[in-house]
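J.: These are the residues of each chain, in order.
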Amino acid sequence: MAVEDQILDGLLANNIEFVTTVPCKQLAGVIDKVENCPDIHHVPANKEDEGMGLCAGAFMGGKRPAIIMQNTAIGVTINTLVTLTQFYRMPLPMLISYRGELGEPVACQVEMAVHTKALLAQLHIPTYHFHHEDDVREFDAILKHTFMCNKPVAILTDAAFWKGY
Amino acid sequence: MIRSEVLRDIAPVISDQLVVCNIGLPSQELHMIDDQPSNFYMLGTMGLSSSIGLGLAMAQGQKVISIDGDGSVLTNFGTLPTIANNAADNFILLIIDNGSYGSTGDQPTYAGKKTSLTEVAKACGCETVIECAAEDTAETLRAALASDKMTIIVSKCESGNIKVPVIQMDPVVIRDRFMKEVERRNAS
Numbered sequence: 004m005a006v007e008d009q010i011l012d013g014l015l016a017n018n019i020e021f022v023t024t025v026p027c028k029q030l031a032g033v034i035d036k037v038e039n040c041p042d043i044h045h046v047p048a049n050k051e052d053e054g055m056g057l058c059a060g061a062f063m064g065g066k067r068p069a070i071i072m073q074n075t076a077i078g079v080t081i082n083t084l085v086t087l088t089q090f091y092r093m094p095l096p097m098l099i100s101y102r103g104e105l106g107e108p109v110a111c112q113v114e115m116a117v118h119t120k121a122l123l124a125q126l127h128i129p130t131y132h133f134h135h136e137d138d139v140r141e142f143d144a145i146l147k148h149t150f151m152c153n154k155p156v157a158i159l160t161d162a163a164f165w166k167g168y
Numbered sequence: 035m036i037r038s039e040v041l042r043d044i045a046p047v048i049s050d051q052l053v054v055c056n057i058g059l060p061s062q063e064l065h066m067i068d069d070q071p072s073n074f075y076m077l078g079t080m081g082l083s084s085s086i087g088l089g090l091a092m093a094q095g096q097k098v099i100s101i102d103g104d105g106s107v108l109t110n111f112g113t114l115p116t117i118a119n120n121a122a123d124n125f126i127l128l129i130i131d132n133g134s135y136g137s138t139g140d141q142p143t144y145a146g147k148k149t150s151l152t153e154v155a156k157a158c159g160c161e162t163v164i165e166c167a168a169e170d171t172a173e174t175l176r177a178a179l180a181s182d183k184m185t186i187i188v189s190k191c192e193s194g195n196i197k198v199p200v201i202q203m204d205p206v207v208i209r210d211r212f213m214k215e216v217e218r219r220n221a222s
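Those sequence lines, one after another, are chains A and B.
Using my numbering, read the first sequence as starting at 4 and increasing by one per residue.
Using my numbering, read the second sequence as starting at 35 and increasing by one per residue.
Careful, some of the hints might be misleading.
[As the list claims (entries may be wrong)] Mimicking DSS-like on lysine-lysine, the simulated pairs with C-alpha atoms at most 30 Å apart in a straight line are: (1) A/Lys154 - B/Lys148; (2) A/Lys154 - B/Lys214; (3) A/Lys28 - A/Lys154.
Calculated from the structure, these hints are not laboratory results.
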């Protein structure tokens, strides 16, 4: 089964009904799946911190949320992650394209890639890195972990995982 | 009228509604005027009141009022197209537009100069956008609640602040109390 399908299955198996996205080339396939899934309310956001606000509201309204975004957005979402998601103890799975890793054609993406894990570590955000196709098997457990501990959790997915793009 | 007077005026209208209230003085003033379990107070995160309110409105059936400011809407301008393109008829965005960043010392915002948030909201595709004088906010809000249509209200008021204590409630307590209230209202 394609990783995109496995990711969608993981979302559905964990009752995630509200997904907000800011696009990335690597994530295009999974965003397409989310958009076309009748059991998921997909709300494209203009900026990732806005998306996190939407997710916070959806969570308080009784829906399990998730955000799909690019790692470059870690920089613009630090304040929201700290003062909203973490301060109010809300769960938020973040499926993140890890741009700037091996296979990256755009040099500028590497500039943020070198800070990605350090920033997530500084924020004490549990972080998982999908590099091999088989790593997707952990997706279900990561989602369960996220809603168990009420924290934002990062899943970094690199170009090797997506088999180039 | 200044913002705290607008909040005093609308308190009877919003008292029994789910309210997401903006960071800083607006939340502190609402908390002082009429604390309710149906109020979600933002203690941080400038700009996201409308996003949290819209997410909440889309996730459940009760009406939701986001109280926002002109400065915070300018901070999160992308919210207006998202609201317009994801219309939720149980959502009201009340922008209390005093033309200044009230919580930080009344520095002027561009909304108090050339930029009309009413026109911006319309240009973004929001279909029902009403600009009103501060004195008419309660009545405009009452009508919006009765209309069952997603409404953006831009209440033009004067700049100015009152002395108000900070909210000492723990954020998790605010969130838990609010979520229980949301759940209770949706169950009944």
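J.: So, for every hint listed, does it hold in this structure?
T.: Going through the hints against the structure:
no., hint, in the structure
1, A/Lys154 - B/Lys148, "violated, 41 Å"
2, A/Lys154 - B/Lys214, "holds, 19 Å"
3, A/Lys28 - A/Lys154, "holds, 27 Å"
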